[in-house]
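Undergrad: Take the two lone chains and join them into the complex the hints point to.
As they're listed, the protein sequences go chains X and V.
Quick note: the first sequence, position 110, residue 110 per the working numbering, numbers continuous.
Every position in the second sequence, counted from 1, becomes a number in the working numbering once 1000 is added.
Note that these hints are calculated values from the structure, not bench results.
No residue lacks a Cβ here, since even glycine has one placed at the ideal position from N, Cα and C.
Take the hints with a grain of salt, since some may be wrong.
What the hints assert, rightly or not - A short, non-exhaustive set of chain V residues, derived as facing chain X with CB atoms under 10 Å:
| id | residue |
| --- | --- |
| 1 | R1093 |
| 2 | I1102 |
| 3 | L1141 |
| 4 | I1234 |
| 5 | A1238 |
| 6 | I1285 |
Said to hold, decoys possible - Which bits of chain V does chain X cover? Going by a derived footprint, with three or more residues having C-beta under 8 Å, they are:
| id | segment |
| --- | --- |
| 7 | 1107-1120 |
| 8 | 1291-1302 |
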Amino acid sequence: MHEALLTLGFGLVTAAILSLSALAFTLEYSVTNVANLSHGEILTVGAYCAYLVQQHGGGVILSGLAAAAGGGLLALAVHNGVVDRFVRRGIGGLPTFIATLGVSLVIQNILVIIFGAANLGYTVPQGAPRTVGPFLWTDTEIQIMVSAVVITALLYVIIQHTRFGKSLRAVSQNRSLARVSGINANRVAALTWLLAGLIGGYAGFILAESVGTFSPYSGFSFFLITLTAAVAGGLGKAVGTLVGGIIVGIALEFFGGYLSASYNLAFAFAILSLVILVRPRGLFVGGRRSIFE
Amino acid sequence: MIDYLVSVLTEGSIFAIMALGLNIIWGWSGDFDLAFYGYVALGAYMTLVLTIGPATSPTTYILGLSLPFPIAVAIAVISSMLLALIVGAIALRHLRGIYFSIVTLGAVYVLYTFAGQFVPLFNGYNGLSGLFDPMGDFFNLDFTSYPFFYLGLCVVVLCVVLFLVTRLSGSRFGLALRSLREDERAAAAFGRGIYVMKLKAYVIGAGIGGLGGALFAGYLSAFNPSAWSPVETIVLYAAILVGGRGSNRGVVLGVAVMVMGLQEATRYLPEIANQPSFAPAFRLILTGVILVLFIRFRPQGLLPERRLRDKDPAGTGGTAVAAGNAVAGATLDTGAA
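So here's chain V without its partners, still in its complex pose (with noise of 0.2 Å):
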């Protein structure tokens, strides 16, 4: 009981990192980006090409490097960085919409093409495997210990991401972002470089997928084509809409909510015969169900994104609701404050 319920919290924590990448492009930027779990698996790949040694034939990987964990998922998250950068460099610049969104599926089948039916890559259909217990030599942890170490380090990993994404949140450029995604002509008007905030934004987010990705990797021990596909953006989608698009802690609520709650609601679903796939596929139908019904009744999500306040001390304004009732704004402010 104790092991599942470490597994779920430890998926559920790396979930909830990736889903705070993809929050910054598609909650603050509003890009409906379907490429981003293309930089999962990359952070995922590179990982494991990084730290499980030289490739003995038959499989072939590039690279089969043996780096110390922390170093191959810090080059991971560039090498997920760079490829964003690429990508979003060329459907960033003119694309908005669903055009946006039809290139990056692109882009993200164009590496999944390339990762199952290029060999020499990362081996192909079958994948890599063999990257066992990271960090539990340095550790000296035996296979019962471990998964309560590899949490925490998920959790300690989430908590400095959940911090830095929330100072992020309330910076000029966090705020710039929203700005854009309101209305990207008033903002350009009042001067923000468009192309220059989205594009970095997508790489930052991007960056934050490939780092869920590395840490997936080190929970999986493996990855290959059959364990990943472009289509699992929307499960990252749908925990962001039910969590509250834009808002941190809405996001990991959201993960909470659609990634372990469901595996919970559906585990004790009766087991078909010959039917492996019923339990997922379950899961999957929900998903669906729950994201066109949030998008239609609660666009808002469970925990919705806070509204702006002016932080000016000498101002006298309220919050952006408060703006067509000035008095009513400037009494909550003294009574906040």
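With the rest of the complex left out, here is chain X (with noise of 0.2 Å):
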């Protein structure tokens, strides 16, 4: 029992990350129906300018605000360089996922030549474990959680309570009917996937700082569990993301756990591929398609 309980905890851990970098996906996704295949390189994009802060003295505070800066000013550029111009012109949804891939490929192989292929890690010790209440958490850990449950409640009320977030929930909605409302779509979508991609940035630098180290390649493989969290709980719907992110998080460690942690990956696939067959438009799907649902 005390066991699982500690298991537990780590799946909380996980499942902090998991969602925030789901909720950045369901975000990009909500506004302009793309599947960015380029959000795992916001992460790992994150994960580097907390280093490049790092190894200039600053503390965590500092990495996760450049991390976050890092990852927004990636997810602007991916929207207003790419995938805006793809769907302003009517490109469909499936090039332009085709598109994403490609940034994708261009991203990782950028930061091979400037920071080699090999892992890196952080400086910043992670503290010793403590216990709290029944589990056994690092101070790094407890931070992950607590800005994981801040930064989702002050997401939540930019969506619900803001004049932005308003228009965010028009656009995802119905792009055409919010033009003709005089919504700046186009400026809309892209203030989203900002905001995406400071979630996103920051989600990077939590997973490197949780894992120990980042390599190119890590957003991208962290990315295929994030999409199962995001299929999970129905693309493009903020709260189904929330939820599919924790139940994910929380299965991948105990499937590593009591299983094997070098099949996690497949594991994840696993549960994606059943919902996808099973239930394809996520697990908590109600009639209409909305970012809150």
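TA: Next comes the structure, spelled out in structure tokens:
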């Protein structure tokens, strides 16, 4: 029982990272209807930005901010440079999806050229594990979970209670209708991608903190798990994605803890395929397509 | 110099075979399959375990036979087709578009994980090696003449594959596949069995991919998870897209440009200290950029797929393009005949 609770504790850490990453992915999807295959690279770039800051003596907070900024700028660049141009010209979802795969290849290899393909790690120590109730967490892991909850709450407020959030919801439901109602859909989409990039970049930082090392390819591997969470929750739906992230994160830790961590990715995809085949629109679907359901 | 040319051409022919296989799945049938390199890899792995003999400790792998190369290749192709049959049967049943792509991406990552982690299968991360100069002894070739023989073999196989896919392309099956790609519902309304046709195309394409993988194994003489990654499929997609999606000649041209051409173009890049991966990384960056630019500005590729003609001699119809202008179409047709 005790061991199960410990595993649950680790699962919550993974779930926190995964939820943030999946939320960012879902935000991107909701406003452009494009599954962004270069989403993993937003995380990777975040991790490297934080690394650079730490190399110059920055602390955890500064690293986190740098990671978010790097991810945000990248997401904005991918949106304005590629995705938006494709969407505006009416190039369909699948070709744009393929294009983002090309973008992912480009970013990965730029990172390989700049930093090399080898694994890197942060210098800031994790802190000793401490007992919190039945769980065993390090300071870093507590920071990860607390920040994830804060960011999710902030995101909820932004989407539900600001003017921008209202436009975001409008664009995600029906882009053309939003436009004729006087919403600058391109601007809203760009800002949404920026927001998603901020979250994704930070997720990349805490992912690297939690795993300990990162490489130009680590974002892409984690993206595959992100995809599982996002699709399980229903593409483009924030609450579903959040729940999907938590479920998949915990399930992965239990699978890794009790069976074999090497097959984590395979396990994630087994879940993904099952969900897609049985409930292709996500586990928690209602009828309408909307970011808050 | 000549050795270098031989190796580039051999590699190019092998990649062209793989790309022709993928072109059936994506170019004709219209399914963006991300699992494709898994079938290539399985073909390579199977060829190795069927030819290199029993495993000696500490290596472990399945089978470990010493079959002649051609038989091993045939079995490798069949195993790739069987795997494609399983994956395709599940994924093609209901899924299209990005959902199909995501599930196939999942399938290939499962295969990749097992190839890398499950040691009894293909010796895990260290992979397999030991297939030296297949059929070299049979033809009494030494190591100087062997590369020429293997190049010849690959080119002959490429020509056979090209001939077969060209026949297939103009067949009723090939034409019907295009109709699925353009409008699945309309094709279904004309009585096409969508699922079975797409599955057939998928399995045939994967078989050709497995054949490419088998030749690749013979060329490399070894195969391990660091020699391939699922992302490799993108290079094949870039080649197809640049050449002309759906067009066989285009695909061969695309491979010449994207695989051999890029290799040549980046050959004289300066070596950077501590950066052995600079040239390959730079090549992949170029591949990605070209992929994006072609999707945006020239999705039909350099040698676009030709519009199909109505071959019925009794019909007065011209080409699909001329449908709106019957007179011009008819004149053009007589001129061509």
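Undergrad: Evaluate each hint against the coordinates.
TA: These are the hints, each one checked on the structure:
1. R1093: With Cβ-Cβ at 8 Å, under 10 Å, it holds.
2. I1102: Status holds, d = 6 Å.
3. L1141: At 37 Å from the nearest chain X Cβ, V:L1141 fails the 10 Å test, so the hint is violated.
4. I1234: Where the cut-off is 10 Å and the nearest Cβ of chain X is about 6 Å from V:I1234, the hint holds.
5. A1238: holds, 7 Å
6. I1285: holds, 5 Å
7. 1107-1120: Holds: 6 residues of the segment 1107-1120 of chain V have a Cβ under 8 Å from chain X.
8. 1291-1302: Satisfied; 5 residues make the cut.
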